[in-house]
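Novice: On the provided structure of chain B, position chain X as indicated by the hints.
There are 2 protein chains.
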Amino acid sequence: MDNKEISQAVIARLPRYFRYLGELRDEGIERISSQELSDIMKVTASQIRQDFNNFGGFGQQGYGYKVEYLYEEIGKILGLDKLHHLIIVGAGNLGQALANYMNFERRGFLFKGMFDSNPALYGKKIRDMQVRPMEEMEAFVRENEIDIAVLTIPKAGAVSVAEKLVQNGIRGIWNFAHVDLNVPPGIQVENVHLSDSLMKLTYNINRFEQET
Amino acid sequence: MDNKEISQAVIARLPRYFRYLGELRDEGIERISSQELSDIMKVTASQIRQDFNNFGGFGQQGYGYKVEYLYEEIGKILGLDKLHHLIIVGAGNLGQALANYMNFERRGFLFKGMFDSNPALYGKKIRDMQVRPMEEMEAFVRENEIDIAVLTIPKAGAVSVAEKLVQNGIRGIWNFAHVDLNVPPGIQVENVHLSDSLMKLTYNINRFEQET
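Chains B and X, in that order, are what the protein sequence lines are.
Be aware that the first sequence starts at 0, since it is given in numbering that gives the first Met the number 0, and climbs by one per residue.
Be aware that the second sequence starts at 0, since it is given in numbering that gives the first Met the number 0, and climbs by one per residue.
For the record, the hints were derived by calculation from the structure and aren't laboratory data.
It cannot be assumed that every hint is accurate.
List of simulated lysine to any residue pairs, SDA-like, C-alpha gap at most 20 Å [what the hints assert, rightly or not]:
{"no.": "1", "chain 1": "X", "residue 1": "K75", "chain 2": "B", "residue 2": "L193"}
{"no.": "2", "chain 1": "B", "residue 1": "K41", "chain 2": "X", "residue 2": "P184"}
{"no.": "3", "chain 1": "X", "residue 1": "K154", "chain 2": "B", "residue 2": "E104"}
{"no.": "4", "chain 1": "X", "residue 1": "K124", "chain 2": "B", "residue 2": "N92"}
{"no.": "5", "chain 1": "X", "residue 1": "K41", "chain 2": "B", "residue 2": "H192"}
{"no.": "6", "chain 1": "B", "residue 1": "K81", "chain 2": "X", "residue 2": "S196"}
{"no.": "7", "chain 1": "B", "residue 1": "K154", "chain 2": "X", "residue 2": "E26"}
{"no.": "8", "chain 1": "X", "residue 1": "K41", "chain 2": "B", "residue 2": "D195"}
{"no.": "9", "chain 1": "X", "residue 1": "K41", "chain 2": "B", "residue 2": "P184"}
{"no.": "10", "chain 1": "B", "residue 1": "K154", "chain 2": "X", "residue 2": "E104"}
{"no.": "11", "chain 1": "B", "residue 1": "K41", "chain 2": "X", "residue 2": "V188"}
{"no.": "12", "chain 1": "B", "residue 1": "K111", "chain 2": "B", "residue 2": "E144"}
{"no.": "13", "chain 1": "B", "residue 1": "K75", "chain 2": "X", "residue 2": "S194"}
{"no.": "14", "chain 1": "X", "residue 1": "K124", "chain 2": "X", "residue 2": "E134"}
{"no.": "15", "chain 1": "B", "residue 1": "K154", "chain 2": "X", "residue 2": "Y19"}
{"no.": "16", "chain 1": "X", "residue 1": "K154", "chain 2": "B", "residue 2": "D25"}
{"no.": "17", "chain 1": "X", "residue 1": "K41", "chain 2": "B", "residue 2": "G185"}
{"no.": "18", "chain 1": "B", "residue 1": "K75", "chain 2": "B", "residue 2": "I5"}
{"no.": "19", "chain 1": "B", "residue 1": "K154", "chain 2": "X", "residue 2": "G21"}
{"no.": "20", "chain 1": "X", "residue 1": "K154", "chain 2": "B", "residue 2": "Y19"}
{"no.": "21", "chain 1": "X", "residue 1": "K81", "chain 2": "B", "residue 2": "R206"}
{"no.": "22", "chain 1": "X", "residue 1": "K75", "chain 2": "B", "residue 2": "S194"}
{"no.": "23", "chain 1": "X", "residue 1": "K41", "chain 2": "B", "residue 2": "V178"}
{"no.": "24", "chain 1": "X", "residue 1": "K81", "chain 2": "B", "residue 2": "S194"}
{"no.": "25", "chain 1": "X", "residue 1": "K154", "chain 2": "B", "residue 2": "G21"}
{"no.": "26", "chain 1": "B", "residue 1": "K41", "chain 2": "X", "residue 2": "G185"}
{"no.": "27", "chain 1": "B", "residue 1": "K41", "chain 2": "X", "residue 2": "D195"}
{"no.": "28", "chain 1": "B", "residue 1": "K41", "chain 2": "X", "residue 2": "I186"}
{"no.": "29", "chain 1": "B", "residue 1": "K123", "chain 2": "X", "residue 2": "G91"}
{"no.": "30", "chain 1": "X", "residue 1": "K81", "chain 2": "B", "residue 2": "E210"}
{"no.": "31", "chain 1": "X", "residue 1": "K154", "chain 2": "B", "residue 2": "N99"}
{"no.": "32", "chain 1": "B", "residue 1": "K123", "chain 2": "X", "residue 2": "N99"}
{"no.": "33", "chain 1": "B", "residue 1": "K154", "chain 2": "X", "residue 2": "R15"}
{"no.": "34", "chain 1": "B", "residue 1": "K75", "chain 2": "B", "residue 2": "R48"}
Extracted from the complex, chain B is given alone in its bound form (with noise of 0.2 Å):
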């Protein structure tokens, strides 16, 4: 499977039929067409098979897929056949939320602990998990050979927290500070802007006002 090409509007789709493929699947749903997939998700059926020709196609056509076999081929394309360990760096609302919020364990994010340079959160107990120390957290990411860290502190200390993340062999930053981060090639960033999120919201809202 050579999948270098794929551009990352295809890899962004991943998610989402994975997503509609678990529910089909706990429905009990054992086959589905292109068409049918189409109807539920709101995409063309040939862009449905477009995407999945990246990875070799899937399915028979006229039988449709089987909805456990892609639920699974795709989250093993995503990675989530493996384990990944997983720590979050700002123990804040928003750490805190997400740390409580995403079933992380249910896809093989073994959440392994939290930082923060406030000492009073330090020994807070969070889903069971003790706020260290931003101190700590080098040695930790080393020694327990953490791959990514979600970084949820302001932005003024990012640049250099993302820094020390990656000369300590972290290998993907999900990044929630409002900062845009320069790493090494290889090392893998995904940026969750909230603030940028909700100006396009307004800048939806406003546009159709004007329109009509």
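Specialist: Relative to chain B, chain X alone:
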């Protein structure tokens, strides 16, 4: 100014321009060339000029752009010169984090109320805002001319809550529920599917490892 054909890709980049220009302004920088902006933002100068040309260009080539002017114009395009009345539906960890995390008021978002269906949360104060019972949401939206709802409830209830919001005059939904909402034309939805974003990260991590 005719923005009708501006693609969502351009729109998705506007908040990022706005963010960088705000930082330049805060640093006291008055003028910037597209090349300098290009260096800071790691996009090509030609991309910047193309993006800005969608809105009439903003600048004098050669002299560069006036930072303050550009910042304000992009803010207007994003609808940030208007006041928006916002509620948060779902007062769990994520809803509380968003209430505390976002500096809503600075951008014209007036945080007007917070709702939950869990009686244990009724009356709880989050950022000086009492959590109200979900039953009060519909009347509240009408009476307070709420235009934006932040949806941070589990996916099971999200679709029906979104319908109620739409029936009572909401214009935009910032959707954190892990489900795609079907809304009538003219109602804007901006999704923040956190698990999808985390899966994109693991895809890129695993992809990189297979290639190297």
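Novice: Against this structure, judge whether each hint is valid.
Specialist: Evaluated hints:
| no. | hint | in the structure |
| --- | --- | --- |
| 1 | X/K75 to B/L193 | holds, 19 Å |
| 2 | B/K41 to X/P184 | holds, 14 Å |
| 3 | X/K154 to B/E104 | holds, 19 Å |
| 4 | X/K124 to B/N92 | holds, 15 Å |
| 5 | X/K41 to B/H192 | holds, 17 Å |
| 6 | B/K81 to X/S196 | holds, 17 Å |
| 7 | B/K154 to X/E26 | holds, 15 Å |
| 8 | X/K41 to B/D195 | holds, 17 Å |
| 9 | X/K41 to B/P184 | holds, 14 Å |
| 10 | B/K154 to X/E104 | holds, 19 Å |
| 11 | B/K41 to X/V188 | holds, 15 Å |
| 12 | B/K111 to B/E144 | holds, 10 Å |
| 13 | B/K75 to X/S194 | holds, 15 Å |
| 14 | X/K124 to X/E134 | holds, 18 Å |
| 15 | B/K154 to X/Y19 | holds, 13 Å |
| 16 | X/K154 to B/D25 | holds, 15 Å |
| 17 | X/K41 to B/G185 | holds, 17 Å |
| 18 | B/K75 to B/I5 | holds, 15 Å |
| 19 | B/K154 to X/G21 | holds, 14 Å |
| 20 | X/K154 to B/Y19 | holds, 13 Å |
| 21 | X/K81 to B/R206 | holds, 12 Å |
| 22 | X/K75 to B/S194 | holds, 15 Å |
| 23 | X/K41 to B/V178 | holds, 13 Å |
| 24 | X/K81 to B/S194 | holds, 16 Å |
| 25 | X/K154 to B/G21 | holds, 14 Å |
| 26 | B/K41 to X/G185 | holds, 17 Å |
| 27 | B/K41 to X/D195 | holds, 17 Å |
| 28 | B/K41 to X/I186 | holds, 17 Å |
| 29 | B/K123 to X/G91 | holds, 19 Å |
| 30 | X/K81 to B/E210 | holds, 16 Å |
| 31 | X/K154 to B/N99 | holds, 16 Å |
| 32 | B/K123 to X/N99 | holds, 19 Å |
| 33 | B/K154 to X/R15 | holds, 14 Å |
| 34 | B/K75 to B/R48 | holds, 18 Å |
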